[in-house]
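Listed below, chain by chain, are the residues.
8 protein chains.
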Amino acid sequence: MGSDSDFPVMAESIGILKKFDIPFEVFVASAHRSPAKTTGIAAGAREKGIHVLIAGAGHAAHLAGVMAAHTCLPVIGVPIDSSSLNGFDALLSTVQMPPGVPVATMAVGKSGARNAGILAVQILALANSELEAKLQAFKNEMALDVDRKDKKLREHQ
Amino acid sequence: MGSDSDFPVMAESIGILKKFDIPFEVFVASAHRSPAKTTGIAAGAREKGIHVLIAGAGHAAHLAGVMAAHTCLPVIGVPIDSSSLNGFDALLSTVQMPPGVPVATMAVGKSGARNAGILAVQILALANSELEAKLQAFKNEMALDVDRKDKKLREHQ
Amino acid sequence: MGSDSDFPVMAESIGILKKFDIPFEVFVASAHRSPAKTTGIAAGAREKGIHVLIAGAGHAAHLAGVMAAHTCLPVIGVPIDSSSLNGFDALLSTVQMPPGVPVATMAVGKSGARNAGILAVQILALANSELEAKLQAFKNEMALDVDRKDKKLREHQ
Amino acid sequence: MGSDSDFPVMAESIGILKKFDIPFEVFVASAHRSPAKTTGIAAGAREKGIHVLIAGAGHAAHLAGVMAAHTCLPVIGVPIDSSSLNGFDALLSTVQMPPGVPVATMAVGKSGARNAGILAVQILALANSELEAKLQAFKNEMALDVDRKDKKLREHQ
Amino acid sequence: MGSDSDFPVMAESIGILKKFDIPFEVFVASAHRSPAKTTGIAAGAREKGIHVLIAGAGHAAHLAGVMAAHTCLPVIGVPIDSSSLNGFDALLSTVQMPPGVPVATMAVGKSGARNAGILAVQILALANSELEAKLQAFKNEMALDVDRKDKKLREHQ
Amino acid sequence: MGSDSDFPVMAESIGILKKFDIPFEVFVASAHRSPAKTTGIAAGAREKGIHVLIAGAGHAAHLAGVMAAHTCLPVIGVPIDSSSLNGFDALLSTVQMPPGVPVATMAVGKSGARNAGILAVQILALANSELEAKLQAFKNEMALDVDRKDKKLREHQ
Amino acid sequence: MGSDSDFPVMAESIGILKKFDIPFEVFVASAHRSPAKTTGIAAGAREKGIHVLIAGAGHAAHLAGVMAAHTCLPVIGVPIDSSSLNGFDALLSTVQMPPGVPVATMAVGKSGARNAGILAVQILALANSELEAKLQAFKNEMALDVDRKDKKLREHQ
Amino acid sequence: MGSDSDFPVMAESIGILKKFDIPFEVFVASAHRSPAKTTGIAAGAREKGIHVLIAGAGHAAHLAGVMAAHTCLPVIGVPIDSSSLNGFDALLSTVQMPPGVPVATMAVGKSGARNAGILAVQILALANSELEAKLQAFKNEMALDVDRKDKKLREHQ
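Chains as they are written, first to last, in the working numbering: chain R, 1 to 157; chain H, 1001 to 1157; chain E, 2001 to 2157; chain G, 3001 to 3157; chain P, 4001 to 4157; chain F, 5001 to 5157; chain S, 6001 to 6157; chain B, 7001 to 7157.
No wet-lab data here; the hints were simulated from the structure.
Model, not experiment: these values are computed from the prediction.
Misleading hints may appear alongside valid ones.
Stated by the list, open to error - Dumping the calculated DSS-like pairs for lysine-lysine here, alpha-carbon to alpha-carbon at most 27 Å: (1) B:Lys7037 with H:Lys1019; (2) R:Lys37 with R:Lys48; (3) P:Lys4151 with S:Lys6037; (4) B:Lys7149 with F:Lys5018.
Working from the sequences, and respecting the hints, build out all of it.
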């Protein structure tokens, strides 16, 4: 994440990774204020055995793009709403990558951070059938959860 | 893709997949006009041995989201600029997925379609070291290509 | 509605339906988290004797469009402001339907939910002269209510 | 429609109505330049046996809203992209109706005009089982058309 | 104004009119909920000796445009931020009038309402030299007020 | 106007003024490139017998605001679409004036320029009953013109 | 700054200038309410020995542009979010300057104000090697600060 | 510039630098496709005797921000309209820099590129009185040019 103030948002990604028992590492590294650290993390990730990078940042959010420039690993970007422009700046800065260097962009904010974790798990599950089964169970559980809320709402009406 | 009129855009994805010798299948399937076909493709993809889905659509682009709802495989979304709103509608309809069902969203249009292909290769390369080497070569080639253009521009100035 | 958190908004639709003594059923069903349930409701609505569907959802709001894909009944969409983007995402995701599958889109939020109820009544009133008379009375009452507020404001100035 | 220059867009609605053998009447009537005519059409529609109104207009598109203010019939609004703002002005002016007076808003431009026709048919089909059967056939035909395009595209690849 | 809830904004216009001793009348009249009243006020304004109309409304703000359609008097529009879209809807609905029927549009909200009052005074001052002198004094006073704030800020720094 | 390239747009204002036999003067004066000239025109307008100022400009359109800062006469602003941003920049730069200094803002482009001329006539007509009669005739003619177009369209259908 | 209410934002610029021991002067001067003062400050700045101007304003923020029109010194613009439009109006009014008169535009709000101070220091440092060293130290300190936050976050996880 | 396709836009900057006899160097260097080259140029600029950097890029334009992260020199950013989003993406990606790392952002496209050149000259002129005199002459010439266009337009009317 680009700043420690982004933690409450990115905690959503962490929650998912913990839920699926995926080992992970968390960094605060700014594309602009600590560029050497940022590119170092991206460039060294493959060798450290990292498979997927998740980058959350606000404003003119370059973090995901800068990381993607320094690695061939999949990079997931989470735009964070931390300026007055409601996250439109972070969204466009993350998603509108020029041809050649993709960033898998999620929704702005907590929904996006949560989905970043899930997408990472989906990618890892391609080579891990146990994880795949957990994902399927997670998907089923979501549908059941909607059912429970449906039932509860209809009972109380 | 949601319509055959999206082909000129989605051909960018196909070009990348061919370049990396990735076997792929192309469908025209609309989330709204042929929903059964669409959900069938998504739900059956895993069993057919498909690893990654790429969905390109315009307007209120639901294609990627609907596919993601029916599979645990990674789904990559390409918003296509096919209404008067310059692709803002397709972008927001693709990227702003609610928590639980991620779509890896790319830039609007051809850049995004090209990057969708590259992201798919990045994901597949996690379990394929030959592909990984090709990706690294592709990345190096991009840098050299910028160098060539740089040199050419400076010579002609 | 796509989530039980949308209830405070969609309660506006319910209020109108109750006021006009229209029998109705409420569901929580997500286009993404419980797609089978959602398409089942839409596909089975005609046979259950339902005449109009109202779908309220936020983010990349696909609920109304997905329902419209599975029924020939009129579908009314209510975009809900539940992300940082002020409802622009839900509005464009609901209204910009591709040709062939309409969604009758209302304003973002409570105004839209209230109007969804009224539009449903207008549609039902086409075949029900008693309902038509009630609608006309409702319209007259709105004008009188503006008059009352006008009078009150002018007295207190 | 608000201007005869809107005809190429609104012809899409007309095409659908003709296809389904729905009798219809076409007017050019501006909410701003010929307000008396406009409100007259709306106010008198019920008595003339009209069941649904479709209003297409550009700029600050008030046509649908003004008609809706003068009738209890369902009013469908088609925003038209006729200013430099790509139809954002017409869309917001049509869809963001205040509580009490709904306009069933369609997508900007030709897609929306076509869907306006279909929504009108869906509303009329509630009391006309023949029309309902035609609609279902139309929906099936759309899915088959996607299939044909799918097949054709895949053959030529 | 279109609703009594717009009063806190429109009070800014009233404050200016009082400050310049301009006689005025206040109405609550909705373009959509009480259209007859609204067009009646506009159509009868000239005969009542009214010179300028100020219309403040939110959402798809048609009030100013509808009044302008029924009078040759200058109509000033104040877009009010009363939906989730931050006033973009009211602004575009008020300002993007089609050719033939102008609305003199002000900024969204209180700034705009205040300026609506000032513009009305500017128009009336064209035929009233006393008012013109007051306006000039008001303009000078604004500059002095900035000076005072400047001085105060610099002293306290 | 801020640039001679704005002439094709501002010619719409001129056309209206000529039609109503209003004497007028045209200037090219930039708020940024020739500020002294611009403020000179605004500050001296009253003494020259000018009653209304119309300012058309593109990009960050400051022309109308700068003129309004230097005069108590009514200033009408016409945003012109001359950048890649479709006139959103010129519109917001013209309409969002801070409290104290109004600009009567019109729609972006030719519609707005035409309406600027009409608003100027409306203002002048307050003290000129002959002009008032002409305006009423113009309004009636617009309604008739819509009728003619309506008739023609319906005949040819 | 255009208003004393902008002080909490512009204090960020002041903080930076103080930190780097840059002498500075603060003015409240409105492009619209006190135009003579504003242009006087800009026109006289060079002679007073001022090297860089920073202008912060909201709404249709003309302050920076108007100053730039009256000086050849670099002008830095800070858009301030003081209307309902989240600063989009101030941003576009500041950045979209027509060719010939640049404004060095910063992000909306406090981030932008802080960066305006830093850019001013960067410009001054071109002719001041002591300042240049301080800037480099500041840059290094930012990277260390990110490191400290990184370490702290990782310890507490 | 980020791509050789940006040359027609950035040629505007070059034209200004040539006009003022400022020595300059042109690079094609992408923040994403050739990041090492890009950061190398930025990091080495100071030592090469470069005083100001101008970076033009489209899409999620990170070029200016990445360069600013690697140097204490002033960096001027030119957003380029090269996606379907009309340059909104490049503008927000360039201007919304987080606190600590400013980018002096210009208007989208050719106007901005031209102004980038002028701003660079303004910065250099602070330590070069000959350049300062040339700038003043350039400013005077712009005003005269407006005068000439004004005269010409008025003669031909």
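We went through each hint and held it up to the structure:
1. B:Lys7037 with H:Lys1019: The hint holds at about 26 Å.
2. R:Lys37 with R:Lys48: At roughly 15 Å apart (the allowed maximum being 27 Å), lysine 48 of chain R and lysine 37 of chain R satisfy the hint.
3. P:Lys4151 with S:Lys6037: holds, 13 Å
4. B:Lys7149 with F:Lys5018: holds, 22 Å
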